[in-house]
Amino acid sequence: MNSIRNYKSSMAYRRFGKSDKQLSVITLGGMRYLHGWEQPHEEIPADTLEQCITCVELALRHGINHIETAKGYGKSERCYGIVLNKELGIPRDRYHLMTKGAPETAEDTRRLVDEQLTALQTDYFDFYGWHGINNQERLQTALATNGPVEALLRLKEEGVIGSVGFSSHGPLEINIKAVTSGLFDFANLHYYYFFQRNYPVVQEAYKRDMGVFIISPNDKGGRLFEAPETLRKTTAPLTPIQWNARFCLKTPMVQTLSFGMTEPSHFQEMQGMFEQGIDWSPRDESILEKLDAIGRRDPSARYNPYTIEDSVSGINIPELLRFWNMWKYYDMERWCEYRYNMFEEKGHWFPGAYATDENVDKIPDEQIPPDLPLKDMLREFHRRFYKEKES
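When we follow numbering that gives the first Met the number 0, the leftmost residue of the sequence shown carries the number 0, and every step to the right adds one.
The hints are simulated quantities; they were obtained by calculation from the structure and are not laboratory data.
Heads up, the beta-carbon is just placed ideally off N, CA and C, and yes, glycines get one too.
Only true hints are included.
What follows is a set of in silico ranges between Cβ atoms, one per label pair, in the way DEER data are often shown:
| id | residue 1 | residue 2 | range |
| --- | --- | --- | --- |
| 1 | Ser280 | Arg301 | 25 to 31 Å |
| 2 | Thr250 | Pro39 | 38 to 44 Å |
| 3 | Glu157 | Ala352 | 40 to 46 Å |
Please model the complete structure; the sequences and the hints are all you need to start from.
In structure tokens form, the structure reads like this:
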């Protein structure tokens, strides 16, 4: 076990694809620290610093050996640089470090990576991901000849970066193109119980010996930290967060996932998912069957929502039908309000128009199954969850 950094018997580890690094199956992410998005990003408030210190100490104590951040996470890189090196003095060979960025040219790539090395107070990154291959335009930008990914690969040859990968909030087709490009060592993807669309991407990555890191299974996976009673009863005795993490890891094609840990109770909950080992169990399978049975009560569940996607209304129909199911059958109202109101605000990170009457009327009737009241469903969902934006 000496080859595994920060090894603890209470943690599980998996080989992260062709990097050959053994990563803890839980990663310490850096997106959600206090004041993390406030300007100026160079100033780290005392409570932000203290929170980060606590989380790093607890993560290392529990056997986590992978820390993930990004240029786009506000204060995160600078905060980790201070905590890991000045506040705690953690030896660099005790953990693996991943960061991300979205430079658009080779020149931008060199400059940005130098800035990130300085912020994180290190001379190399174990993993570097091009951040946000979310649509065809960004895919082309990333993979352009003499472009940013080629520059990252040159930095890999120079030893500044260990492995080059990408992250994506985009559709399956874009993710497949990125994986099959042959340029990447790992992929950061959304995949969890309430969003299984990317499973074919996970399979394609595994065929190519790419590492697979699951993004935000607790927040984007359904805001499971505020799960409704319906969900908590169904996953008991596990919490929804614990069971969903086990679901993500039930395939060895997934090696690690972020757990959204920002306070001590989150580490306690994490530890609870390991009480009977990490292998998928009959108890886990029984919970899966119960959850599946709930979802099948939805008459619209018999349709593949991606076959009725249209390009006229601008509405993200597959996502709204997924939200409808989560609302009506799993009682996930807070999730639906939170996620629906991100449309039209997050650009390529979460594309889609609101289901206003005007937009709904644009959906061609011939694209809708005859026994699916899609337009009525969309209008009802919009009336229930849309929140007027402050001017």
